[in-house]
Each structure stands twice: as C-alpha cells, then as structure tokens.
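Protein sequence lines, in the order shown, are assigned to chains F and U.
Just so we're aligned, residue 1 is where the first sequence starts under my numbering, counting upward by one.
Just so we're aligned, residue 1 is where the second sequence starts under my numbering, counting upward by one.
No wet-lab data here; the hints were simulated from the structure.
A partial selection of chain F residues facing chain U, derived with a Cβ cut-off under 8 angstroms:
| no. | residue |
| --- | --- |
| 1 | Val34 |
| 2 | Phe94 |
| 3 | Val106 |
| 4 | Phe113 |
| 5 | Ile223 |
Calculated pairs, SDA-like style, for lysine to any residue (alpha carbon to alpha carbon, straight line, at most 20 angstroms):
| no. | chain 1 | residue 1 | chain 2 | residue 2 |
| --- | --- | --- | --- | --- |
| 6 | F | Lys29 | U | Gly122 |
| 7 | U | Lys212 | U | Met120 |
| 8 | F | Lys29 | U | Met120 |
| 9 | U | Lys212 | U | Leu193 |
Glycine included, C-beta positions come from ideal geometry on N, C-alpha and C.
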Amino acid sequence: MEVAQLLLGGISVGCVYGLVALGFVLIYKATESVNFAQGDLMMLGAFITLQFVNTAYWGLPFWLGVLLAVLVMAVVGYLMEALVIRRLFGQPQFAVVILTIAIGFVLRFAAGFIWGHEPLTLETPFAGRNVALGRLVIGVDEIFVIGATVVLTGTLYLFFARTRLGVAMQAASQNQLAAYYMGVPVKRIHGLIWALSGGIATIAGVLFASRGSIDPNLGLLGIKAFAAAVIGGFGSLPGALAGGLIVGIVEPFAGRYIAAGYSQIMPYAIMLVVLVLRPNGLFAQVQSKKV
Amino acid sequence: MRIHQKTSYDDDINLFEDRRQALWYLALVAGAALLPFAVSGYFLGEVTNVLILAIAGMGLMLLAGHTGQPSLGHAAFLACGAYMEAWLNNRGVSFLISLPAAGLFAGAVGAIIAIPALRMSGIYLAIATLAMGIVAEDVIVLLEPYTGGVSGTFVGAIRLAGFEIDRYGSPSGFYWLCLAITVLVALGYANLLRSSTGRAFVAIRDSEVSAKAMGINIARFKTLAFFLSCFVTGLSGALMAHFLGAFNYEAFLITISIQMLLMIVVGGMGSIHGAFFGAMVVGFLPQIITGIRQQITMTAIPGLDTGIFAAILVAMIILEPRGLYGQWLKTRIWFQLFPLARRDLFRRHKSYLKTERLK
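I would like the entire structure built from these sequences, with the hints used as guidance.
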C-alpha cells in the first residue's frame, strides 16, 4: 500500500518535471537553442495565474484565470524569441545558454519584486480534498495533475501529427534551410514554438502550484527537469515525459529507502550515468565526424 | 596613430606588443602594489575579493574561453581548494605547501571529471557539469568529518615564512599575497597561450575536427585543460577560504558556479583581461548600487544587484558578444586610428544557424 502511495505521488510530481522537460525539448528540437529559463517561465506562469485567481489579487474564476495566464505567457514566450533570442541567430549555442540563464535571473528578480519572496499558495478548487480508493488515499490535486498531463500530451500529439502548423514545426526542426525553401516561415515558427513552450510552462506551473506553495526560486526546479530531459534523450518528446516520470518516481523512493542526504542526489546521479554511458542522451541526435 | 613594424616571427607571440605596452602593465602592477597606502581597509578588502574572483575567473576562462568547454559547476573546484586549504592549515601546514596542495587536489579532481567529460560537448557538457555542481553541494554536507557538514569549518591565519597573515589583522599583507598570486597566475596564463599547448587549446575550441587533423591529441589536451583550469580555480578557492575565515557549503552553491560563468562572459570570453573586467563588475557592482541607493534614499530591494547584473549581461550578449574587453579594444582602436576609424569597422557578419547536431 505504501509503495502504491509513493508511486502515485511520484507520478504526479514526475508529470510536472515531464512538462517542463517537454518545454526544453520542444525549443531544442525546433531551434537548437537550450532554454535554461524554462524553469523560470514555469515560475512566472504560476505567479501570473496566482495574480488572476487568488482573492487577495484579482479573484477571477479558476479556469478563466488559467486560460488567461496561458495566453499571457504564450505572448511572453513569443516576445522573448522575437526581441532577444532571434538577435543571436547563427551564433554558437553557448551564447544562447548564457543568455537564457541571464533572462532566468531577470525573471526571478522581477517575480520577487512584484510578488515578494515569501511562499504563496495558489487557490485551487480542489485543494485539500481526498478520494479514498480502498485503503489508498488519493488527493484530488494528484488526479488533476495526472489527468491534465495526459490531456495535454494527447493534444500536443494530435497537434504535431495532424495540423499544418504542427507539421511545419516538425519540418523546421528537422532541417531549417529545407523547410525555408519549402515555404515554411521559419522565423515565425520559431516564435510560435517559444509561445507554445511558454504556455506549457504555465500549465506545469499551475500543476506544481496546485500541490504546494510557490516562491520566486521555484525556477531552480528547472535543473531537475533538465535531468529528466537528458535521461529521456534531449530530442524526443515522449522521452522527456518518460524522463520526468523516472525522476519523479525515483525521488520519493530514494527518500524512503536510501539514507537521508543521498536521496536528492539520485536524479542527477542517474543523469550522469546516462551521460557517461551515452554521452549524447539515450536517443542521440549528435553524430561525430571522423578524422 | 601607431604602426607596428614586425621584424621577426617572435613579434607575433611576444608577451607585449612593444615596450610602451610593457611599461603600462608595469605601471598597473606598481599602482596595485601601492594601493594599500592610498585606500581604507574596507575598500582594500573589496579589491582583495576582486583579485580572488579574477583568479577563479582565469581558471574558468582557460576551460570555457580558450578550450571551449563550458563548465557550469566550477564552484565545486573552488570548494575542493578551500576545504583542502582549511584542512591542511588547521593541521599546521605552511602556506607554501598547503596552497599548491589545494590547487593540485582541485586539479586532480578536475582531471578525473574530465574522463567522462571528454565524450561530451556543448550543452551536454554544460548540463553534466551543472549536475556535478549540484551533487558537489550534497557531497560537501555528507563528508562531514572533513568539511564540517552544514555548520561549516574555520580556517586560521596564513603561516608563510615565519609571518602570520590574517585577513583582518594584516589586510595589506593578505592583499599583497593575493596580488602576487594573481600576477603569477596571469603571467603563467599569458605564457601558456604563447606555447604550443595554448594554441592546441584554442584549436580545439575553434574546431575539434581541424585540431584532430592537425595531429592534436584531443583527449590529452582536454584533460590537461581541465587539470590546469581546476588547479587555478583551486588556488582561488584556497585564498577564498582565508578571505571568508569561516565557511560552509553555502559558499559554493550552484548559483555561484553560474555566476562565475556569467562573470567571464561579461568580462569577455577568450581573453585574460576578460576575467579581470568580469571580476571587477561582480565585485564592485553591489557597492555601486548601494552607493546610488543611498544617494536617492531608496529602500533595499532584495536581489537587486543580481537582477541588474543579469540585465547588463543580456544587453551585453546582444550588443557586444566579446564583452567588456571587446568594448575596450574597440575604444582603443578607435583612438589609435583617429581620425580614420569607420563605423562599419567592427560590423558583425550575418550568418545562418550552424547546426551543432553534427560535431
């Protein structure tokens, strides 16, 4: 019974990691830049939702607030690409890494300035309610997290497989120049990818906030999501979700069965092992030229 | 307008362009050496901090700026140096032995880390070193018998040739010691870049394939770069231990690693000067912000200096990818060429996205 309880908690945390990792991978696949600010986008999304929803602020209905926050964050993501990242087109990957790290610091400062550094709680309609399933106690928030992730993943799958825009995004990520020749507006696609990943970050933020409190340093969770993305292979969308689930599930079990102090190292240890054995992730996209 | 007439091949790799430049650097070192007579003890402490940061910056610059291996976990090597120095110092070992030992320990750890890191490149290396930095925080806490765990450790005065140098007791002595080590490291670094080893590093940074084709043993030189970089960072860590006096794992958090990397980017990637410029920005920016805030009587905003620093960095990467040193070079060349400098002299080329999936 205890195992099932740990497993369920792990899956619901893993869903959040998986969604943040999904944001990384989306951007990396399409634009080859790594967004180290993804965790901070998630943090910002959660705070904007809080601004809309909480009674101490604007007190909108929950679902309307979430929808508005997703839209706002999509605009933020688009503007980030259009105003800042696009300027670095053609420069080494490393420059974008540094740039997004710096943007993350700026976002963290802005959130701390607006909402303060004290932990805040998002008011959700399902906080603190439980469903008893036999001897298993399931929080409604956990059901919400898992359900939302499944729905979002399904929607994204259909989007990429069935819509024109989705196929264009796939094309741009496989070969930019060829996509450009085929009439795909690569620049706009890049902007839209960033918008999409801003929206996903917001949903991840709301899911995280529904299970606990949020503060401006929440973005550091993005590092754990990195581990998830790498474990799943840094270029595969299902892999990112799987990696998130692995990290999420390993954490509570390590905390339960391994000596205290060692458990929080586990996600990174798994990631380092993956990187040492398969230096370019489980599903390698980088190939080496032979001399 | 000055014209350099090169009369031998040595002119290309001489440490100084001409005698005038050598004199300028000499004047700079002499001015730095005389600083304790001119400023207050508090300000001297800040400058000492900048020197220690500059040494750490040079260590990271060798790896990230000259060998092209970005490390997001370099605070771990600072920690190696600091804890080794504290451990030896508390056992009464002389500074002459403990400082190199601290550097060698950090260098050896770095060389071991380099073995798996050899197979990675670009973002994978960045992420792996990031993870290593986070794991290092926990390892410091777990190694309580040596590191003092969460409560941290103390380090006593420096014992050097019969003298006792303490940061608070003799700030000038500590400053001169840091300055001497900084100058030595900078000279060694500049000389390294003139040698074939240094050029091999730069070749690996610019293109691994071409470097391999020129007969450079990539694995050997990358490991050497890791060793040297971590050695220098370890020296900085040892000095930092004495500067802090008492420290725990919080002095080496992952955010410190990231800040080190941002520091050398602001200063200017791929130049020794960049490490110094970056250290000055990181060291003096909080002081400047506090000064301005007192002028306009504003209440304290937590995290303001980090926020401003990051905003400067964003602007810098977009407008001036070569950092403060690049700006300095441009200004200097503008004056040297006066009045012949043109606006498009430093125009950057537009280029396509070069895929890094094929390495």
